[in-house]
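There are 2 protein chains.
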Amino acid sequence: MKLHILGCYAATPRTLTNPTSQVLEIGNHMFLIDCGEGTQVQLRKLKIKFSRINHIFISHLHGDHFFGLPGLISTFRLLGRDKELHIYGPKGTKEAITLLLKLGDSWTNYPLVFHELTSKDPQLVFEDDKVKVETIPLQHRIYTNGFLFKEKVGERKLNIDAVAEYKIDKCYFRNIKRGKDITLEDGRVISNKVLTFDPPKPKSYAYCSDTGYFPDIIGQIQKVDTLYHESTFLESEAHLANKTKHATAKEAATIAQKAEVGTLILGHYSTRYKSIALFKEEASEIFPKVELADDGKVFEL
Amino acid sequence: MKLHILGCYAATPRTLTNPTSQVLEIGNHMFLIDCGEGTQVQLRKLKIKFSRINHIFISHLHGDHFFGLPGLISTFRLLGRDKELHIYGPKGTKEAITLLLKLGDSWTNYPLVFHELTSKDPQLVFEDDKVKVETIPLQHRIYTNGFLFKEKVGERKLNIDAVAEYKIDKCYFRNIKRGKDITLEDGRVISNKVLTFDPPKPKSYAYCSDTGYFPDIIGQIQKVDTLYHESTFLESEAHLANKTKHATAKEAATIAQKAEVGTLILGHYSTRYKSIALFKEEASEIFPKVELADDGKVFEL
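Chains X and S, in that order, give the protein sequences.
Taking my numbering, I'd label the letters of the first sequence as residues 10 to 310.
Taking my numbering, I'd label the letters of the second sequence as residues 10 to 310.
What the hints contain is simulated information worked out from the structure, not anything from laboratory work.
A portion of the hints provided could be inaccurate.
Identical copies carry no separate label here, and so any pair may be met within one copy or between two of them.
To be verified - The list that follows gives simulated cross-link-like pairs (lysine-lysine, BS3-like), each with its CA atoms no further than 30 Å apart:
no., residue 1, residue 2
1, Lys-54, Lys-283
2, Lys-298, Lys-252
3, Lys-254, Lys-202
4, Lys-252, Lys-212
5, Lys-176, Lys-186
6, Lys-161, Lys-254
7, Lys-252, Lys-92
8, Lys-254, Lys-103
Kindly generate the complete structure, drawing on both the sequences and the hints.
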């Protein structure tokens with residue numbers, strides 16, 4: 010699993026900072042999460058192939074998470090896309106995009122599939138044989154979801170030495186990897202545990218932005234490997250965080266600690282601060298494993 | 010008069026090229042013309058103060074001329090703007106912007122005044138004591154207007170030596186500058202021509218993008234000082250220009266020649282070409298005074 014940060018600053022695009030967007034590489038997918046203005050340029054800078062993006066998850070309809078989407082959809086058309094594009098976002102996403110395409114008489118040549126979200130409870134929005142994605146309802150000024158990406162448990166790994174020792178034919182390997190025991194010709198039953206190793210532990214990633222301090226999410230994100238949690242402010246501006254329904258670095262760290270996550274990645278920094286190192290400093294007092302998102306940074310999760 | 014090119018490339022924003030947007034400095038105004046994605050970042054790069062922009066002219070509702078507008082409007086709000094912002098654009102501009110603001114529950118704190126355009130004839134859209142702006146209906150795939158910016162004739166310039174010679178009191182200067190003759194105490198009438206020089210010739214700028222080859226505009230833009238005319242293609246791709254209702258460099262130059270303009274500025278280049286110098290080469294065969302727009306370039310007109 011790999012996380013590409015295209016942009017992780019709050020509010021408005023600037024010369025050197027970009028609004029929120031990231032790409033999560035997981036189980037052959039390149040999931041685009043949020044799409045602030047300039048996302049398509051960031052995709053080019055980070056050399057991410059547009060054709061690999063088939064699913065876009067939009068947390069909420071504030072411009073800094075969403076205003077890059079109409080342009081990206083138009084660019085897909087100009088690049089000759091014909092594959093379906095799935096967009097998961099709040100109710101209203103479809104109306105906005107279709108109005109803009111209609112006004113420009115620029116309908117896509119490829120199918121645009123909208124999955125509009127309205128539920129205030131977690132909801133499974135995507136599933137295939139390798140990955141599940143569910144919403145994480147957040148607490149912001151408007152209807153907002155984070156997203157929880159979970160790898161599924163893979164097949165068990167074959168113990169080559171063990172299958173050789175029992176002279177087991179290849180035609181049984183598929184069943185063995187799926188966890189079946191094997192009965193030999195002499196009647197002996199060989200337990201699957203002898204023939205296989207545990208599959209790699211499936212990984213999970215929780216994206217939580219934008220949100221105020223919202224402990225309701227702790228149950229759902231319990232023990233995720235990586236939590237991206239917004240920290241627009243430091244505690245010195247807690248009054249602003251409270252007013253605008255954003256979180257401080259300390260609050261993000263408190264969520265991470267209570268949810269016992271593996272690593273906390275901070276982002277969505279207000280540009281009022283001289284250095285983002287301050288966010289890590291503040292969060293590290295509460296939770297040990299803190300990383301700082303930054304535009305262009307890639308995390309191997 | 011000064012023209013700042015924020016972006017002048019066709020279709021999609023790229024790492025090093027921006028979609029259409031420009032700022033015309035004229036008579037104390039900073040008129041923003043078109044607003045492709047990334048315009049607000051280009052404004053920052055070119056150090057143009059956001060607070061000086063009060064009028065935005067949108068030619069048409071294709072994304073590469075328009076998708077930067079919602080973000081710019083939002084940024085104005087975040088910057089605490091309270092002055093009116095006037096937006097001149099095709100019918101639909103208001104619906105699109107208000108829907109996006111509504112979905113984000115991000116109404117502006119400042120008045121947003123929409124001047125929606127539907128006429129297929131030239132129309133006066135702005136006028137004050139120094140400047141007039143009228144639409145130039147163009148021929149594109151959707152309803153599109155260029156814009157013609159004209160300085161008004163200013164006051165006549167006082168001939169300091171002449172007013173001294175006739176010992177004319179300062180209190181008459183205002184009337185003299187406005188063209189009045191003066192009667193001296195001895196009854197002699199001094200013609201205004203003796204007391205003043207002609208005012209500087211008012212300048213004009215015509216912005217024509219996007220459009221196919223459309224000679225109908227020639228009458229309206231006759232003898233403008235500067236014409237910005239799109240040239241998405243070279244003649245070698247005339248079939249594409251024709252199909253997509255864009256112009257070639259040769260066609261832009263033909264319009265410039267027939268309209269007897271002062272200078273032709275080319276722009277809206279397709280990124281398929283290795284060098285924009287090719288556009289100047291082609292246009293210069295028809296019309297002598299050709300300049301190439303490029304992102305970040307500033308023209309003193």
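Right, here's what the structure says about each hint:
1. Taking the shortest Cα distances, Lys-54 and Lys-283 sit within 30 Å of each other both inside one copy (25 Å) and across copies (19 Å).
2. Taking the shortest alpha-carbon separations for Lys-298 and Lys-252, only the intra-copy value of 28 Å comes in at or below 30 Å, while the best inter-copy value is 57 Å.
3. Within a single copy, Lys-254 and Lys-202 get their C-alpha atoms no closer than 50 Å, and across copies no closer than 68 Å, so neither meets the 30 Å cut-off.
4. Proximity of Lys-252 and Lys-212 under a CA criterion of 30 Å is satisfied in neither setting, with 35 Å inside one chain copy and 50 Å between copies.
5. For the homomeric pair Lys-176 and Lys-186, the shortest alpha-carbon distance inside one copy (16 Å) is at most 30 Å, but the shortest distance between copies (109 Å) is not.
6. For the homomeric pair Lys-161 and Lys-254, neither the shortest alpha-carbon distance inside one copy (33 Å) nor that between copies (51 Å) is at most 30 Å.
7. In this homomeric assembly, Lys-252 and Lys-92 come within 30 Å of each other (Cα to Cα) only across copies, at 25 Å, whereas the closest approach inside a single copy is 42 Å.
8. Both within a single protomer and between protomers do Lys-254 and Lys-103 lie at most 30 Å apart by alpha-carbon distance, with minima of 25 Å and 29 Å respectively.
The earlier numbered hints that this structure contradicts are 3, 4, 6.
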